[in-house]
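Trainee: Protein sequence lines, in the order shown, are assigned to chains A and B. Counted the way the working numbering counts, the first sequence spans residues 2 to 337. Counted the way the working numbering counts, the second sequence spans residues 35 to 374.
No lab work stands behind these hints: they were computed from the structure. As the structure is a computational prediction, the values presented were derived from the model and not from experiment. Treat the hints loosely; a few may be bogus.
Claimed, not checked - The calculated EDC-like cross-link candidates involving lysine to aspartate or glutamate, where the alpha carbons are at most 20 Å apart (straight line), are: (1) A:Lys-17 with A:Asp-264; (2) B:Lys-292 with A:Glu-266; (3) B:Lys-292 with B:Asp-275; (4) B:Lys-292 with A:Asp-70; (5) B:Lys-292 with B:Glu-256; (6) A:Lys-17 with A:Asp-70.
If you want the building blocks of each chain, they are given just below.
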Amino acid sequence: MNAPLLEVRGLTKTFKERRGWPIPTTVAVRALDRVSFDVGRGEALGIVGESGCGKSTVARACLRLITADAGSVRFDGVDVAAASAGALRAVRRRLQIVFQDPASALDPRQRIADALGESIRVHGIARGSDVTTAVLRLLDEVGLPPSAARRYPHEFSGGQRQRIGIARALALGPDLVFADEPVSALDVSVQAQILVLLDELRHRRELAFVFISHDLGVVRHFCQRVAVMYLGRIVEEGPVPAIFEEPLHPYTRLLKSSSPIPDPEQAVALGLQEGEPPSPVDPPSGCHFHPRCPFVMERCKASAPALEEVAPGRRVACYLFDETSRNGAGAVASPQ
Amino acid sequence: MSSAAAALTDRSPEPGAEAPSLVVERLTTSIRIDRQWFDAVRDVSFEVHPRETLALVGESGCGKSLTALSVMGLLPEGVGRISSGRIMVDGTDMTAASTAEAQAMRGDRIGMIFQEPMTSLNPVLQVGFQIAESLVEHRGMSRREARQRALALMELVRIPAAAQRLDAYAHQFSGGMRQRVMIAIALACSPKVLIADEPTTALDVTIQAQVLALLADLQRREGLAVLLITHNLGVVAAVADRVIVMYGGDVVESAPVKEFFARPTHPYSEALLAAMPRVDRSADALAPIPGQVPTLADLPAGCRFQSRCALRIAKCAELPPLIPLAAAPAHGVRCWVRAP
Chain A
2 MNAPLLEVRG
12 LTKTFKERRG
22 WPIPTTVAVR
32 ALDRVSFDVG
42 RGEALGIVGE
52 SGCGKSTVAR
62 ACLRLITADA
72 GSVRFDGVDV
82 AAASAGALRA
92 VRRRLQIVFQ
102 DPASALDPRQ
112 RIADALGESI
122 RVHGIARGSD
132 VTTAVLRLLD
142 EVGLPPSAAR
152 RYPHEFSGGQ
162 RQRIGIARAL
172 ALGPDLVFAD
182 EPVSALDVSV
192 QAQILVLLDE
202 LRHRRELAFV
212 FISHDLGVVR
222 HFCQRVAVMY
232 LGRIVEEGPV
242 PAIFEEPLHP
252 YTRLLKSSSP
262 IPDPEQAVAL
272 GLQEGEPPSP
282 VDPPSGCHFH
292 PRCPFVMERC
302 KASAPALEEV
312 APGRRVACYL
322 FDETSRNGAG
332 AVASPQ
Chain B
35 MSSAAAALTD
45 RSPEPGAEAP
55 SLVVERLTTS
65 IRIDRQWFDA
75 VRDVSFEVHP
85 RETLALVGES
95 GCGKSLTALS
105 VMGLLPEGVG
115 RISSGRIMVD
125 GTDMTAASTA
135 EAQAMRGDRI
145 GMIFQEPMTS
155 LNPVLQVGFQ
165 IAESLVEHRG
175 MSRREARQRA
185 LALMELVRIP
195 AAAQRLDAYA
205 HQFSGGMRQR
215 VMIAIALACS
225 PKVLIADEPT
235 TALDVTIQAQ
245 VLALLADLQR
255 REGLAVLLIT
265 HNLGVVAAVA
275 DRVIVMYGGD
285 VVESAPVKEF
295 FARPTHPYSE
305 ALLAAMPRVD
315 RSADALAPIP
325 GQVPTLADLP
335 AGCRFQSRCA
345 LRIAKCAELP
355 PLIPLAAAPA
365 HGVRCWVRAP
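Isolated chain B, as found in the complex (with noise of 0.2 Å):
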């Protein structure tokens, strides 16, 4: 079955620059709260190429998930809305798209993972039918057909022992190897856009690292472009390109991520290392961020973390735009007092 893996994963890179597989411009994404209408995602653009990985990054309710299931058409119905704004996904219109369309890409050309595999797949179903699931629905092949492939993913993702475990149970795995599963399922009809929220928060430390260097692994052979989701900068650091900073919704610090830990620019940016407790030093004193988020009802006009922020100045009532920074234009924070 090796060589089936060996085909799966045949694909030359192209070189040169090409087209983004994942777009997003101008994303504003509203959630319902006791009737009124909230902006929880406010005007968020970036773009996502083969082979990329972009990391969004933020505490809870900075609105990063949100940004995540805007993209992937999940957004409860009711209770969530994308306001303004357009997301395309290897060139379709994800905001234009009927509930039908939407579902046609979601499993083919968008594959997603989440933080806790166990509540993702079926507890009835064996493993192998549930990622042969998505090859029978979206590439109309045959059971049969889908089994082998079946097979050959879960040899990919590297699970032990694969044609044994076909027919087993989510609950007969351990969570690293559950996850795989998950990525097995993920990337079954080959997706451009692999979107991975907090996918190795449940894991421990030695099992994160085996998932993360599979998903990079992958990444390459398949040309993926990668949206991660995290809240934790270690994770932006080992496999991110680009990094983009999120607090109360609003994108407040973007930059390759070489760029980024060189220079965290944004005050917030600055207090989220400064609070990170850190294995490889000895700590100077840790600096906690005051305060906590703010509720969306209670969000500051203008700059969101000026309630918070040490640097708060008068013109913070208005909010900055995403400056570029003179030394590095790829770089951008939305700061008056440090990007002016």
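With the rest of the complex left out, here is chain A (with noise of 0.2 Å):
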């Protein structure tokens, strides 16, 4: 196997905030605790779990828009962090990101022209006349009439505002796009469209992408690979579908029974299961999960499982699975 395109080792971020009143306390949030993954070339890695789990805070710590505190990013052997500002912008030409509300994201008293001409002008792919030919072309490549380009957001629908989003993600050709929640605000009908957009995206330009979402469902449907996080941590990690057809680590499986399908002979387990993501604040010991899992045991509490390889392609944060118990718990997934 060819060199991963991204490859993130150890990436750790702590935000720290002045809260409370009329005395306030600075508080450390531990947005991203060590977290690794890999994303080859063409390949759909989705991120998944619940608010506040620092899904989000991947993405911009990758393309060095915030800071992290330690961790390596590289990207076709660049090191992001350290990389200076004249290699910073070559590496993001190649890296782009497309969020979940691109009203938010696009000027509004910008026309889509612009909008999308901008990025390709600065970076001198295209001068002149040939920047409007370079904007048509990408237009046409989402799905937008020629006509888009003369007009504003506002003019535009939810899913065709995502489409300029897009649009602009891809004006400068890059390798890997991060997608942060990019179909979460739209109805069904145009969130199967988009999906269908971005997947013929991937297969006809070989792009690479990082699909972060809180949606099962659309994760199986576009990722190749899926990562579960859990209060900054990466707590189970595999391909797709074996991940959702057999999941490993406690919380994983309680997002998929959580997560409702449409048939009620199978409806989902609303279980009463008590209790609630704690605050990322003030996150548990050990293991992050153990007030919530159903199969907490002593040493779970005191110390956080590694992110250990369990069977081939699959890795899992939790006791249940170490070297040392895995005889008891059995249901480490046959690799196929």
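Take each chain as given, in its own frame, and dock them per the hints.
Mentor: Written out as structure tokens, the structure is:
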């Protein structure tokens, strides 16, 4: 196998915030805790998890929109964290991001032609009338008519705006796109249109994706591999569909059983299991999931299990799958 | 306090068929855009019985929330109005009620919960006070009595350490706990009808499962008739008894929930299901619905889905009625092709 396109190792980020009134105190939120993963060329890696698990911070830290405290991000051999301004500029042409709400990412007073043309011009990809040609080609690629170029963002529906957001991410011919909840704000029928478009782009341009979402169905449909995050840590990682067919980590199992399925015969388990994700400000000791875990053991409270390979391509951070107690668990997926 | 919580829920279900708690008859609701009135909800009829959940499903702009606002009498004045039809809540005609009468019904016999609890809760009032408020208003309880009952309600919706959190503010609660507070407020006066407009859409899936389970449990105990507004067919499958699919203000399909998922018949219902990526199966290719929902001004005459429908025929220029299927008379479909 070739070297991965994106190699993230031990990425850690702690946010400090002043909170409280009348006497504010400084609280530390560990948004990322030694997060490591790879993304291959043309591969879509899904990152799933609930609010506050740090999945959006992953994208921002990889793009160096925020500075990580520790860890490394290598993109096609270039160390993004240590890159000089010039090298970073070159990396960013190939590393783009699509946001959940494209309306807030587009300048309301800028015509679409300018929104798309600006980066093409700034990065010197085309000049003069070639910029217009490039813009029209981009619009066509994302399924918008040429007339869209002359219009403003507010004239478009949510789905069309997301197409514009995607066109802008494509403008510089990237190799990898971070898509942060790109379809969450859209209606089901439009969501499917955007997913189909993204999948076409992945094949046609051999584009890799880090696809951040809270919706397991969408991730199962779009991604080849998935990493599940809980309070700043990756707790499970593996290929689709194995990870959904047989989730190993108790949190992944809970996520799956909570995801609604449009079939009353096998409707979602409406467990009254209490417990909410604890605050990332003051996460539980050991494995962060232990207060909600039905299989909790003493050692889970004392120390956090490492993310270990339990079957080819499958990594889990859970003592149930630890070497020493493996024979008891017996739920390890058979490699296929 | 657990005895107080038990007293709240001590209602034995009456056997046999009961009169519907909510009846909507041929409701048409119009909204005004640039001085012109458009029918955003057309000729919608349904009933919800005690302990029954009716789900209204559809995408943005299909009229599902507007139907709920009509039932509650909360249409914005001058912008929305009920053009025709009748809404009966627990035997009272809401459409004929005066403003004061409607006010007396809301929060008493109809409870409501919305998508984003933070925007519905008052950030500067303690949650215990907000739960007690309607008891003082509608039931004439003293502050002290109402506070006791608020505590019992917080225990009923399973807010941990309720006694300590009576005097907390909304921002001190997580999203799931805020929605529980909203449910406690909605249920304070033991309403007959609960309208839940996307109650779990803003919540994470594991919390969504908890809140839906709580709602189902409370519904059984309190004998509530629930009108659930949602865009999520997975949620419908989990909690609804009947489902109504809306498109462009029309009811396009209406069926008992098992029947619906076994035989989704309207081309729009079928397309919605085919467009939904599922966690339980490796998808065949997703089938997006082409185009987008037309704006109210651009809706075609006749069947409103025809502009996006693959099965369109000439007859679609005429609006089909909701036709009962021969095999299942409780299953109605508004389509000339599928239910001839």
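Trainee: Look at each hint and say if it fits the structure.
Mentor: Verification of the hints:
no.: 1; hint: A:Lys-17 with A:Asp-264; result: violated (44 Å)
no.: 2; hint: B:Lys-292 with A:Glu-266; result: holds (8 Å)
no.: 3; hint: B:Lys-292 with B:Asp-275; result: holds (8 Å)
no.: 4; hint: B:Lys-292 with A:Asp-70; result: violated (52 Å)
no.: 5; hint: B:Lys-292 with B:Glu-256; result: violated (24 Å)
no.: 6; hint: A:Lys-17 with A:Asp-70; result: holds (12 Å)
The structure does not agree with the numbered hints 1, 4 and 5 stated previously, though it agrees with the rest.
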